[in-house]
Structure formats: C-alpha cells, structure tokens
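Participant: Chains A and B, in that order, give the protein sequences. If you use my numbering, the first sequence closes out at 405, no skipped numbers anywhere. If you use my numbering, the second sequence closes out at 405, no skipped numbers anywhere.
Careful, some of the hints might be misleading.
Note that identical chains are pooled: a pair holds if it fits in a single copy or bridges any two copies.
Claimed, not checked - SDA-like mimics (lysine to any residue), calculated; alpha carbons at most 20 Å apart, straight line: (1) K101 with L293; (2) K21 with D254; (3) K24 with G271; (4) K339 with E173; (5) K188 with T145; (6) K35 with G226; (7) K35 with N22; (8) K35 with E380; (9) K399 with L38; (10) K24 with E44; (11) K30 with T145; (12) K21 with E39; (13) K62 with P149; (14) K130 with T395; (15) K175 with E398; (16) K50 with E77; (17) K101 with E380; (18) K50 with Q341; (19) K24 with T256; (20) K24 with A127; (21) K74 with P394; (22) K175 with T256; (23) K74 with Q26; (24) K24 with V69; (25) K50 with K74; (26) K30 with K141; (27) K24 with E43; (28) K35 with P224; (29) K21 with E243; (30) K74 with A179.
Simulated from the structure, these hints should not be mistaken for laboratory data.
There are 2 protein chains.
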Amino acid sequence: MKNFKYQNPTKILFGKGQLENLAEEIPSNAKVLLLYGGGSIKKNGIYEQVQEALKPFEVIEFGGIRANPEYSILMQALEIIKSQKISFLLAVGGGSVIDGTKFLSAAAFYKGETPWDLLTQKIASTNALPFGTVLTLPATGSEMNSGAVITRAETKEKLAMGGPALFPKFSILDPQVIRSIPPRQLANGITDAFNHVLEQYITYPVGASLQDRMAESVLQTLIEIAPAVMQDPSDYTAASNFMWSCTMALNGILPLGVPTDWAVHAIGHELTALHGIDHARTLAIIAPSHYRHNFESKKDKLAQYAERVWNITEGTTAAKAQESIVKTEEFFQGLGINTKLSQYTDNYERTAQTIMKRFTERGWTGLGENKNLTPTDVEKIVEMAY
Amino acid sequence: MKNFKYQNPTKILFGKGQLENLAEEIPSNAKVLLLYGGGSIKKNGIYEQVQEALKPFEVIEFGGIRANPEYSILMQALEIIKSQKISFLLAVGGGSVIDGTKFLSAAAFYKGETPWDLLTQKIASTNALPFGTVLTLPATGSEMNSGAVITRAETKEKLAMGGPALFPKFSILDPQVIRSIPPRQLANGITDAFNHVLEQYITYPVGASLQDRMAESVLQTLIEIAPAVMQDPSDYTAASNFMWSCTMALNGILPLGVPTDWAVHAIGHELTALHGIDHARTLAIIAPSHYRHNFESKKDKLAQYAERVWNITEGTTAAKAQESIVKTEEFFQGLGINTKLSQYTDNYERTAQTIMKRFTERGWTGLGENKNLTPTDVEKIVEMAY
Chain A
20 MKNFKYQNPT KILFGKGQLE NLAEEIPSNA KVLLLYGGGS IKKNGIYEQV
70 QEALKPFEVI EFGGIRANPE YSILMQALEI IKSQKISFLL AVGGGSVIDG
120 TKFLSAAAFY KGETPWDLLT QKIASTNALP FGTVLTLPAT GSEMNSGAVI
170 TRAETKEKLA MGGPALFPKF SILDPQVIRS IPPRQLANGI TDAFNHVLEQ
220 YITYPVGASL QDRMAESVLQ TLIEIAPAVM QDPSDYTAAS NFMWSCTMAL
270 NGILPLGVPT DWAVHAIGHE LTALHGIDHA RTLAIIAPSH YRHNFESKKD
320 KLAQYAERVW NITEGTTAAK AQESIVKTEE FFQGLGINTK LSQYTDNYER
370 TAQTIMKRFT ERGWTGLGEN KNLTPTDVEK IVEMAY
Chain B
20 MKNFKYQNPT KILFGKGQLE NLAEEIPSNA KVLLLYGGGS IKKNGIYEQV
70 QEALKPFEVI EFGGIRANPE YSILMQALEI IKSQKISFLL AVGGGSVIDG
120 TKFLSAAAFY KGETPWDLLT QKIASTNALP FGTVLTLPAT GSEMNSGAVI
170 TRAETKEKLA MGGPALFPKF SILDPQVIRS IPPRQLANGI TDAFNHVLEQ
220 YITYPVGASL QDRMAESVLQ TLIEIAPAVM QDPSDYTAAS NFMWSCTMAL
270 NGILPLGVPT DWAVHAIGHE LTALHGIDHA RTLAIIAPSH YRHNFESKKD
320 KLAQYAERVW NITEGTTAAK AQESIVKTEE FFQGLGINTK LSQYTDNYER
370 TAQTIMKRFT ERGWTGLGEN KNLTPTDVEK IVEMAY
C-alpha cells in the first residue's frame with residue numbers, strides 16, 4: 020500500500036426530505052447566489068422547494084449552467100458575485116452546475132490575471148467562497164469532492180481544477196430526485212460512476228486488499244441496481260444505492276494508497292470538447308480500448324475484476340482479463356450506451372491526430388498509472404475505439 | 020436505506036514516516052500536552068521521534084493513561100491543562116490514550132458541575148480543545164471518530180461519550196508501529212475491529228447494498244490478513260491493511276443508512292468494568308450468544324454474512340446463519356482468544372444478575388437494533404456465554 024493523506028470535510032444529508040434542512044446549513048445573514056442549469060428543476064418541483072427553504076436569505080439567481088459548464092457563461096455569474104457582494108453559493112443541479120460553482124468559488128477569491136489561469140496553470144485553490152449543493156443528478160461525485168472540470172468553447176478546451184478549499188460545505192442528496200431523470204441521463208450517471216471506480220482500480224496490484232474490495236463493492240452495487248434504476252427510477256431502494264454509489268465512487272476513499280489511472284478521462288474530455296459527446300459516453304468508448312492497448316500492465320487487476328465482480332472463474336489470467344473487458348462493454352451497451360466512436364463520429368483519424376497534437380502542445384507528461392503513455396499511444400487507443 | 024447525515028473532518032496521514040509531518044499539523048505557538056500510556060512508546064522509538072517532531076513547541080507531558088482510561092487519572096491531566104493553559108492535546112497511543120484525550124478535550128471546555136456529567140448525562144460536546152493523535156495500536160478506530168469510552172474504578176462504571184467537536188484534527192497512522200506490538204494486543208485489535216463491523220452489519224436487511232458490501236469488505240480483509248499479522252507483524256502489506264481496516268471499521272462510513280446494534284459493546288463494557296477482561300475479548304465472548312439469542316431478528320443478515328464472507332453456500336437460511344456464528348467463534352479462537360466467559364471467571368450467575376441490575380438502575384431504554392432487549396434478555400445472553 021502506498022502512503023496517503025486524506026481529509027474530506029463535506030457534510031452529507033442523505034435521504035427523503037433532507038431539503039427541509041437546507042436553511043440551517045447556510046450561514047445566517049448570507050447573501051446567496053442560487054445557481055442551476057437548464058431549468059429541469061423548475062419542472063420537477065425542486066426549484067419551489069429550494070425557494071421555500073431559502074426564504075430567510077437574500078437570494079439572487081443565475082440559471083443556464085448546462086452540461087460541460089462553459090467558461091464564458093460562468094464569467095457572467097462571476098460578475099454578479101462581485102458586484103452583488105455574494106457571500107454564499109448554492110448549486111442546485113448535477114455535476115456540471117456543481118463544477119461550475121466550484122470554479123466560481125475559486126475565481127471569486129483569485130487575485131491573478133484571469134480566472135482561466137486556475138485551469139491552465141493547475142492552481143490548487145486554498146481560499147474560496149463557501150458553497151453548498153443540492154444534487155439532482157447522481158453521476159460525477161462532485162457533491163463530495165474538491166475537483167471540477169470546466170469547458171471553454173472558444174478554444175475547444177475542457178480542463179480540470181481543484182483544491183482543498185473546494186469541498187462543498189454540505190451536499191443534500193435525496194434519491195427521490197431520480198424518478199424525474201430521463202433514461203439517457205440515468206444511463207450516463209451509472210456509466211460515469213462505474214468508470215470513476217475503474218480509473219482507481221484497473222491499474223496494478225499493490226496489496227491494498229481493503230481498497231480493492233471497496234472498489235469492487237461499488238462496481239457490484241452499480242451492476243446490481245442498474246436494471247432496477249433503468250426500469251423504474253421511482254424504486255427508492257435502487258435509487259438510493261445508485262446515488263450513494265456515485266458519491267462513494269469519487270469522494271476520495273477508493274484511491275487511498277493505490278495507483279490511479281485517469282487516462283480514460285483525459286482522452287474522454289478531448290472527445291467531448293471536439294465532438295460534444297456526453298462525458299460518460301466518452302468513457303465507455305475509451306475504457307475498453309485503453310485496457311486492451313495497455314493489457315500487460317493491467318491484466319492482473321483485470322483478472323481480479325473478472326473473478327470478483329463478474330464471477331469469471333475459469334481460464335488463464337489473460338483470458339479472464341480479456342473477458343472482463345467484454346463484460347464491461349456489454350454492461351454499458353445494456354444501458355443503451357454505444358461503446359464505439361464510429362457510432363458518434365466518422366472522422367476518427369482526424370480525432371486521434373488532433374488529440375495527440377493537443378496533448379503534445381500542452382507539454383506532455385505521460386498518461387496512465389505509470390505515466391508512460393505517449394501521444395502515439397493515445398492516437399492508437401482512439402483509433403482502436405473506432 | 021434509512022436517511023442519514025455524515026461528516027468526518029479528521030485528516031489522515033497514513034504510511035511510512037508520516038510522523039515527520041507532525042509539526043506542520045499543530046498550530047504554531049501551540050502549548051502542547053503530550054499524552055501517552057504505559058510507556059511502550061519509550062521502548063519502540065516512537066517517543067523519541069515525537070519529541071524530535073515537537074521541538075518547535077512548548078510541551079508538557081502526561082503519561083500513565085492505561086487500558087480502559089480511568090477518570091481519576093484523567094482528572095489529574097485536566098488540572099495540568101487548566102493550570103498550564105494548554106492549547107493543544109497530542110495523544111500518542113492506542114484507543115485508550117485517544118479516548119482519554121477526547122474526554123480531556125471536552126472536559127477542558129465543560130462549564131457544568133463535574134466532567135463526569137459528560138458521561139452520565141450523554142452530553143454531546145460541540146466545543147472542545149483541539150487535539151491530534153499518533154496511533155500506535157490499531158483496534159478501536161478512535162483515531163477517526165468522535166466517540167470515547169471512559170472507566171471509573173470507584174463506581175465500577177464504563178460509559179461512552181462523544182460529540183461533533185471530538186474528531187481528531189489529524190491522525191498519523193504508520194503501519195510500521197505494528198511490528199513492536201505483542202501478539203495479545205494484535206489479536207485484540209483484529210477482534211475489536213471485526214466486532215465493530217459486526218455491530219453495524221449483523222442486524223436486519225434494509226436494502227443498503229453498498230453499505231453491506233463495504234462492511235463485508237472490511238471483514239474479508241481482516242480474515243485475509245489476520246494470519247500474516249499474527250505470524251509476522253513486520254509484514255508491511257498485512258500491517259497496512261490491518262491498520263486501515265481498523266480505521267474504516269469505525270469512522271462512520273459503514274453505519275450510514277443501516278440499523279446498528281451495539282448491544283455486544285454495552286454488555287461487554289460491563290464485563291470489563293466488573294472483571295477487568297480485555298475489551299476485545301468481552302466482544303468475542305458476548306457476540307456469539309447474542310446472535311444465537313436474537314437469531315430470528317438477525318438470521319437473514321447472518322446468512323448473507325455466511326455466504327459472502329465465509330463462502331457457506333449450502334443449506335437453509337437458518338443453517339447458514341448458524342454456521343456463520345460457529346465460523347466467527349473459530350476465527351476469534353484461531354487468534355488465541357477464548358470465547359467463553361467461564362474461561363475468564365467462574366462467577367457467571369452473579370455477573371449476569373449484576374449487569375441486569377445495573378442496566379435497570381440506569382433507566383433502561385432497550386438494547387439492540389430493535390431497542391427491544393430487556394434486562395432479562397441480557398441476563399440470558401451472559402448466561403449463554405458462560
């Protein structure tokens with residue numbers, strides 16, 4: 020097991036009706052900016068509930084933070100935060116609204132030239148405007164971690180940021196929200212969380228028995244509850260396991276003491292930036308060919324995954340490992356997710372080359388758990404995913 | 020799944036050499052009271068390392084906090100905290116030293132008549148003197164939670180306390196400490212952590228798939244690493260899994276959304292107070308007869324435990340459940356732990372009656388996950404454990 024440090028101060032309020040406790044989690048006398056997305060919260064009743072809970076506070080609203088939160092839109096919200104002297108941010112939405120809020124939380128206190136520095140220079144935010152979240156779409160885990168991903172349409176870039184000040188003060192998770200989420204978003208959420216675990220698990224063994232089992236627990240649970248969630252999102256037992264699995268998948272418990280990969284995300288972000296493919300779908304496209312391309316490095320963990328998660332007990336290590344990749348593809352496909360890049364775009368050659376070029380331009384440091392994947396490896400992985 | 024709230028702000032520094040980072044975790048200008056136990060840290064080199072790390076601070080020492088931390092001894096430390104205007108407590112030891120430090124942290128700020136109120140009146144501490152820990156004995160999980168158990172010899176009482184202010188600011192966990200722990204303490208540590216999980220898992224099903232699997236992960240890991248830890252405590256892989264399992268067993272992740280029991284601890288504390296039996300051993304004595312006495316309520320979870328943790332796949336639910344209790348006893352016995360009360364004391368009748376009488380005197384509220392165990396049930400469980 021590798022050395023690690025861990026601290027996660029986010030307070031979780033989980034279950035039916037937790038929105039009733041919203042007001043007591045926000046500092047009294049706070050001037051609140053309420054941030055949300057495309058307006059779905061106005062259809063499912065959450066907007067009214069939040070309005071009601073926020074009555075004790077002075078509240079300004081900022082809607083329109085869509086999937087892949089856009090820098091230029093967020094800069095409009097930043098202007099409001101500064102001019103209106105906002106003291107608390109409340110994100111009501113999924114990962115995109117929460118990520119956008121994290122950017123604003125950091126940007127509000129950033130003294131440098133332009134807040135875009137936070138992304139390009141990977142500045143860890145140690146001082147930020149406090150914020151809380153009301154999660155309406157389980158997927159990214161952003162509700163209990165300190166990371167965010169921001170997109171800039173102008174430059175077709177999608178970059179990550181974070182820092183110890185960017186944990187939500189609190190997150191309210193009521194699994195009942197799941198009943199009004201469209202099937203496409205449910206499938207994306209399950210796929211996203213599943214890939215978050217794979218990135219922290221399909222690497223190489225370091226004798227971290229407990230962390231391996233914890234990762235397998237999340238994968239097994241997602242596999243178990245996926246059919247019920249897709250068939251009947253008002254099934255509260257399935258919904259609550261889905262929601263908590265998404266949070267546990269990326270709240271920092273799973274990667275403690277183990278190597279992590281994240282190459283699938285790095286490549287996936289480029290596919291979203293270039294072609295607008297849903298984030299979760301880019302992961303389902305890239306993960307299988309990434310594992311096949313880097314098979315030697317990953318086969319021991321893949322075989323363990325095959326045995327413990329997919330009950331594949333026959334065959335050699337390599338055979339079990341290969342079979343686990345097929346099972347993973349079938350799992351995504353079973354959710355209605357296409358796992359081939361050709362099902363989304365026919366311009367794969369240019370895609371592979373563009374991604375390779377971009378990584379090179381940004382100052383290449385090597386991807387994957389061994390930091391040894393070259394731009395050429397990335398090009399091959401993208402080609403294989405076609 | 021039941022509703023839950025969760026927040027755990029403790030910072031964990033885990034791995035080889037983390038003691039080097041001690042000084043930067045303590046506020047500069049702190050006046051530190053260094054608390055420790057029976058002096059084992061002076062034999063294994065940790066005392067010197069802590070001394071070295073604490074050079075930037077003004078430090079006063081208080082040793083002699085033994086197993087089952089004693090109220091009258093802690094009151095001497097409280098006197099020093101007040102007279103010397105101590106601003107930070109550092110616990111270096113196992114669960115007893117850390118629990119004693121938590122009591123002191125709360126008592127230092129307590130304005131009531133006597134700090135014993137914190138235990139008898141179950142006062143939740145919301146304001147306390149800050150403290151950190153250096154863990155030298157994995158077992159209780161106290162290094163990452165906000166609970167403590169204090170003993171008072173004068174009245175033969177052992178009572179629990181806690182509160183949101185009683186999380187350690189940081190805990191340093193270096194698995195290398197395990198190599199100098201005597202076998203008896205290693206066996207106790209494994210047994211203690213195992214029973215912590217059972218108290219949060221062997222109840223009744225509520226459809227919390229992820230939490231069940233997380234609990235099973237800790238049990239499976241403890242079973243896997245126990246032989247290696249007992250045979251060679253310098254095996255770092257086994258030691259690190261042992262140490263992290265003990266922390267994860269009681270840091271608040273496992274009980275989220277599920278019913279918990281804790282009757283085994285309630286009864287076990289009385290056995291320690293009456294007969295001085297090691298805490299972990301009281302759990303190994305009581306758990307099997309508790310599960311047999313409350314078999315109907317617990318058999319579904321026991322059967323799940325049988326299947327997933329002990330690979331018992333044949334037989335009826337009841338047969339599997341019964342077999343899992345036998346397996347649990349054998350596991351403790353394999354660590355050199357006697358699981359029968361008669362192996363510790365021959366006065367079992369008086370013991371059972373005394374415990375029943377004490378619970379009655381204290382204002383009975385019912386034990387177990389259904390809060391329906393009567394003093395008579397407790398008497399029977401203790402008799403069965405003979």
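Participant: Compare the structure with each hint and give your call.
Facilitator: Evaluation of the provided hints:
no.: 1; hint: K101 with L293; in the structure: neither (32 Å within a copy, 64 Å between copies)
no.: 2; hint: K21 with D254; in the structure: between (39 Å within a copy, 14 Å between copies)
no.: 3; hint: K24 with G271; in the structure: both (10 Å within a copy, 18 Å between copies)
no.: 4; hint: K339 with E173; in the structure: neither (45 Å within a copy, 62 Å between copies)
no.: 5; hint: K188 with T145; in the structure: both (14 Å within a copy, 18 Å between copies)
no.: 6; hint: K35 with G226; in the structure: between (39 Å within a copy, 15 Å between copies)
no.: 7; hint: K35 with N22; in the structure: between (38 Å within a copy, 7 Å between copies)
no.: 8; hint: K35 with E380; in the structure: neither (48 Å within a copy, 38 Å between copies)
no.: 9; hint: K399 with L38; in the structure: neither (47 Å within a copy, 44 Å between copies)
no.: 10; hint: K24 with E44; in the structure: between (27 Å within a copy, 12 Å between copies)
no.: 11; hint: K30 with T145; in the structure: both (19 Å within a copy, 16 Å between copies)
no.: 12; hint: K21 with E39; in the structure: between (42 Å within a copy, 16 Å between copies)
no.: 13; hint: K62 with P149; in the structure: neither (28 Å within a copy, 46 Å between copies)
no.: 14; hint: K130 with T395; in the structure: neither (38 Å within a copy, 68 Å between copies)
no.: 15; hint: K175 with E398; in the structure: within (18 Å within a copy, 71 Å between copies)
no.: 16; hint: K50 with E77; in the structure: within (5 Å within a copy, 42 Å between copies)
no.: 17; hint: K101 with E380; in the structure: neither (34 Å within a copy, 61 Å between copies)
no.: 18; hint: K50 with Q341; in the structure: neither (54 Å within a copy, 59 Å between copies)
no.: 19; hint: K24 with T256; in the structure: between (33 Å within a copy, 18 Å between copies)
no.: 20; hint: K24 with A127; in the structure: neither (27 Å within a copy, 29 Å between copies)
no.: 21; hint: K74 with P394; in the structure: neither (53 Å within a copy, 49 Å between copies)
no.: 22; hint: K175 with T256; in the structure: neither (40 Å within a copy, 45 Å between copies)
no.: 23; hint: K74 with Q26; in the structure: neither (33 Å within a copy, 26 Å between copies)
no.: 24; hint: K24 with V69; in the structure: between (35 Å within a copy, 19 Å between copies)
no.: 25; hint: K50 with K74; in the structure: within (12 Å within a copy, 44 Å between copies)
no.: 26; hint: K30 with K141; in the structure: neither (26 Å within a copy, 23 Å between copies)
no.: 27; hint: K24 with E43; in the structure: between (31 Å within a copy, 14 Å between copies)
no.: 28; hint: K35 with P224; in the structure: between (39 Å within a copy, 19 Å between copies)
no.: 29; hint: K21 with E243; in the structure: between (31 Å within a copy, 19 Å between copies)
no.: 30; hint: K74 with A179; in the structure: neither (34 Å within a copy, 40 Å between copies)
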